[in-house]
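Just need the whole structure built from these sequences, with the hints factored in.
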Amino acid sequence: MILSALFSVLFCAAFVVLVVGVVRRTLIYKKTPSPLVIPTTPAPTTRAGVAGRMFREVVFFESLFKGSKWSWLFGWLFHFGMLVVLIRHLRYFTEPVWGWVALMQWLGIYAGMAMLLGLLGLLVRRTAVDRLRYISAPSDYLMLILLIAIAGTGLLMKYVWHTDVMALKAFVMGMMYFQWQPLPADPLLLLHLLLVIVLMFVFPISKLLHAPGIFFSPTRNMTDNPREARHVTAWPAQDVKTAEATRS
Amino acid sequence: MAGMKKPEFDVPELREIPVIPPIAIDAMAHSKPFVAKAEHQKPLGFPGELVDDWQDRAISKMDELLGKYRSLQVFMDACVKCGACTDKCHYYLGTADPKNMPVARQDLMRSVYRRYFTFAGKHFPGLVGATDLTEEVVEDWYRYYHQCSECRRCSVYCPYGIDTAEITMAGREILASIGVGQKYANEIIAKVYKIGNNLGLPGPALADTLESLEEEVEEDTGVAVKYPLDQEGADILLVAPSADFFAEPHVDGLIGYGKVFHQAGTSWTLSSHASEAANFGIFIGNYENMKQVAMRVREAAQSLGVKRIVVGECGHAWRVAYSFWNSLIGPFDFLDESFPIPQHICEFTYGLLQRGALRINKEENDDKVVTFHDSCNVSRGSRMGDKPGGQFTIPREIIKAACNNFVDMAPETTLEHTFCCGGGGGLLTDDLVELRVKGALPRMEALKQVVDESGVTHMAAICAICKSQFTKVLPYYGLGMDMIVSVHQLLGDALELGTEE
Chain A
1 MILSALFSVL FCAAFVVLVV GVVRRTLIYK KTPSPLVIPT TPAPTTRAGV AGRMFREVVF
61 FESLFKGSKW SWLFGWLFHF GMLVVLIRHL RYFTEPVWGW VALMQWLGIY AGMAMLLGLL
121 GLLVRRTAVD RLRYISAPSD YLMLILLIAI AGTGLLMKYV WHTDVMALKA FVMGMMYFQW
181 QPLPADPLLL LHLLLVIVLM FVFPISKLLH APGIFFSPTR NMTDNPREAR HVTAWPAQDV
241 KTAEATRS
Chain B
1 MAGMKKPEFD VPELREIPVI PPIAIDAMAH SKPFVAKAEH QKPLGFPGEL VDDWQDRAIS
61 KMDELLGKYR SLQVFMDACV KCGACTDKCH YYLGTADPKN MPVARQDLMR SVYRRYFTFA
121 GKHFPGLVGA TDLTEEVVED WYRYYHQCSE CRRCSVYCPY GIDTAEITMA GREILASIGV
181 GQKYANEIIA KVYKIGNNLG LPGPALADTL ESLEEEVEED TGVAVKYPLD QEGADILLVA
241 PSADFFAEPH VDGLIGYGKV FHQAGTSWTL SSHASEAANF GIFIGNYENM KQVAMRVREA
301 AQSLGVKRIV VGECGHAWRV AYSFWNSLIG PFDFLDESFP IPQHICEFTY GLLQRGALRI
361 NKEENDDKVV TFHDSCNVSR GSRMGDKPGG QFTIPREIIK AACNNFVDMA PETTLEHTFC
421 CGGGGGLLTD DLVELRVKGA LPRMEALKQV VDESGVTHMA AICAICKSQF TKVLPYYGLG
481 MDMIVSVHQL LGDALELGTE E
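These protein sequence lines map, in sequence, to chains A and B.
Mapping of the first sequence onto the numbering used here: position 36 corresponds to residue 36, and the numbering continues sequentially without gaps.
Mapping of the second sequence onto the numbering used here: position 154 corresponds to residue 154, and the numbering continues sequentially without gaps.
Since the hints were made in silico from the structure, they are not lab data.
A few of these clues could be false.
Pairs of lysine to aspartate or glutamate, EDC-like flavour, derived with a Cα cap of 16 Å [stated by the list, open to error]:
hint, chain 1, residue 1, chain 2, residue 2
1, A, Lys31, B, Asp63
2, B, Lys448, B, Glu412
3, A, Lys66, B, Asp87
If you anchor each label on the Cβ, the simulated ranges turn out as follows [as the list claims (entries may be wrong)]:
hint, chain 1, residue 1, chain 2, residue 2, range
4, A, Ala128, B, Glu49, 25 to 35 Å
5, B, Pro22, A, Ile145, 23 to 33 Å
6, A, Leu117, B, Lys37, 49 to 59 Å
7, A, Gly49, B, Thr266, 27 to 37 Å
For clarity, every value in this text was computed on a predicted model and none was experimentally measured.
Note that the Cβ used here is the ideal one computed from N, Cα and C, for glycine as well.
This is the structure we're talking about:
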C-alpha cells in the first residue's frame, strides 16, 4: 500500500509539473513579441497557408525531411510510434474502453516496436556521426536512453514478464478518482512507471519543449505578407512612445 | 589583384563530388574581424570599449533580448540536437570547424542561456552542457558570430525552423552592447549617419559620378539616358546600394536600371539623402540602428514627393525593405498604394516585360552562357511578385528574356537551397578574406560544375555583396573575376535603345 501511495503521489506531482511547466513556458512564448516579419521564405501568404505549413511540419516533419533523411526516418518512426502507443494506453484510463481504442490495440504493439527502432536508430546516429557526437551533451544521450528504457520495459511486459493488467487498471482508475487501489509490485512495471514519471518531470525543463515550441517558431508560423499588412507589435511601438515622451 | 597574390592560407580544392568534411576542431579559431574603435561604436549608441562589468551587462542584455524576440526565446529552448543542420552551413563545409555547424554556433549562446536562465542549467550544468559566461566564451562569440553570414540556409532544414541568423544577430548585439563591436559593420553604419551611404560618397561626388555615367552611356549607345539625382516630383525614388555608383560589375547594373526606366518612359530619381539601399543595422541585429538607417528612405521619399519606391539589386537591403520597412518606417499612405511598396527593380522590369514594353535583342548576349546565383536574403527572407517563390522565377525570367543561353546550377544549390556567396552578413571585409574564400567553396563547386558541363561563362546576381565577394574570390578558384554580372547589366546590354523615337 505504501508503494501505491508513493506512485500515486509521484504521478500526480509529475502531472502537475508537466502541465504547469508547459503552460507557463507556452505563455512566455505567447507573450514575447516577434517585432519583425521573419518567416523562412518561400512562405505562405495567408493564415490558411500557414496552418497548412504547420500541419505538414508537425505531421510529416517536412523541413527535417529536406534536411536529413535518416533523422527523418528514425524521428518519424519514434514520434508516431509513440503517439499510437500513448493512444493504446488510453485503455488504462477509460472504463468502458472506447471502441476505437479497443480496435487499435493490435496496432499499438507494432507501434511500440517502431518507436523502439526509431529511438535506437537515433542513438546509433548520435554516436556514429562525428558531427553529432560533437554537439551532444550527456543529457542528449540520457534522453534517448530514458525513452528506450520506457519502450523496452513496456515491450518486455507484453512479451516476456507479463504483469497483472487488470490490477494495474484498477490502480490507475483509482488514482484518477482518488480511491487508492494496490499497485502490482512487479519490478518491471514499477521501473516502467518510474521512468515515465521521470520523463514527465523533465519535460518542461528540457529540450522536450520543442513540442510546444514549434507552434511558436516565427520562421514557420508567420505569414509572408509584410507589404500588404503592416506588422506592428508592442515593444518597438511602446519604445517609440516612451522616447517621444522623454523628448517632449 | 587578389588572385595574383599567394594567399596565406590553403585554398580548398574544388571537388567533383563534394563530401561532408570530418570535423577539424579549432580550424578557424584564429579568424576574427577587427574590433570597432570608440569612434565606430559611439555614433551607434554603443560603449566605446569593453565595459568593466561586461559579464553582468551581457547577461542582462541577453535577458532583455529574450523578452523582446520570440525567435530567440523559442530557438534557445527548442533545439533537440538532431543534427539536420550540421552539414548545411557553407562555412562548415568550407572550413570543417565544428563551431561553424549551425547548432554548435547556436550552442555558444545556448550553453550560456541554460546556465543563467534555466533550471537544468543552474543546477546541473555539466549534464546539459551549460557554461558560465567567461572571457573565453565571449572570445568564441566574437570569432564565430562573425563566421555566420546570417544566410538562413540552416533554417530551411531545421524541424523547428531555428534560424541561426537570429542568434548571430543577438550575439553581435550583446557584444556591441558591452563594447566589443565589429569595426567593418559599425564603421559603415556611422558613415551612413554622417554622409548618407556606406561608401562615404558625399552628394556632390555622387552628382559628378552620375553625370559621367550619363556621358558614358550616351557615348556607348548614342542615346541620352538620364540618371537623375534629387529630382523633386519624380514618380519613382530608386534606392540602390551605393556600390552601384562605381564598383564593378555593380555599376553596369545601375546603367541597366536607367536604360529600363528610359525605355519605359518613367520619371525617376536617386536621392543624395538616401543614397544607400544597404542597411547594416540588420547585420548587427540592432533594431534601433536598422530603423534609423531605414528612416532616411522615408524622409527622402517624402521630401522629394515621389509616388513609388523601387529598390535596386541588393540582397539584404531587399529583405529589410520588403519584410521590415512597413514595420520600421511605415505606414506608406503618402505613396501610391496601387503599386507594391516597396517594389524590387526586378518586379518593375518584369512588369514591363509582361506588357511587352521593352524592346530586346537577345543576340547581344549570345557570347554568354549565363547561370543565376540566388542571393540568400532574397531567397529565404523575402519575396517578389504576388506568389511565394516569385523571388526565384522573376530574376530568371528577366535573364531569359535577355539571353538565349541560360543554365541553372545543381538544384541542391539553388532556390531556397542556395549557398551564400561567403561574404554576406557584414563579413565583406579584408580582415576576413580566408573565411570568405573558404565559405565560397560550395558555391564555387556548383559553379565549376556548370562551367565544365554546360560551358557557363557568366553568373548573374542581384546583390551588391555577392557581386563584390565573387569578384574577390573567383580568382582564388581559378575562375575569372569578370564572370560575375548584374542581372540588369544583361538586360541593359540587350535593350534596343537606338530605335527609340
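A quick look at each hint next to the structure:
no.: 1; hint: Lys31/A x Asp63/B; result: 15 Å, holds
no.: 2; hint: Lys448/B x Glu412/B; result: 15 Å, holds
no.: 3; hint: Lys66/A x Asp87/B; result: 12 Å, holds
no.: 4; hint: Ala128/A x Glu49/B: 25 to 35 Å; result: 47 Å, violated
no.: 5; hint: Pro22/B x Ile145/A: 23 to 33 Å; result: 26 Å, holds
no.: 6; hint: Leu117/A x Lys37/B: 49 to 59 Å; result: 58 Å, holds
no.: 7; hint: Gly49/A x Thr266/B: 27 to 37 Å; result: 33 Å, holds
Hint check: a violation occurs at hint 4 only; the rest are consistent with the structure.
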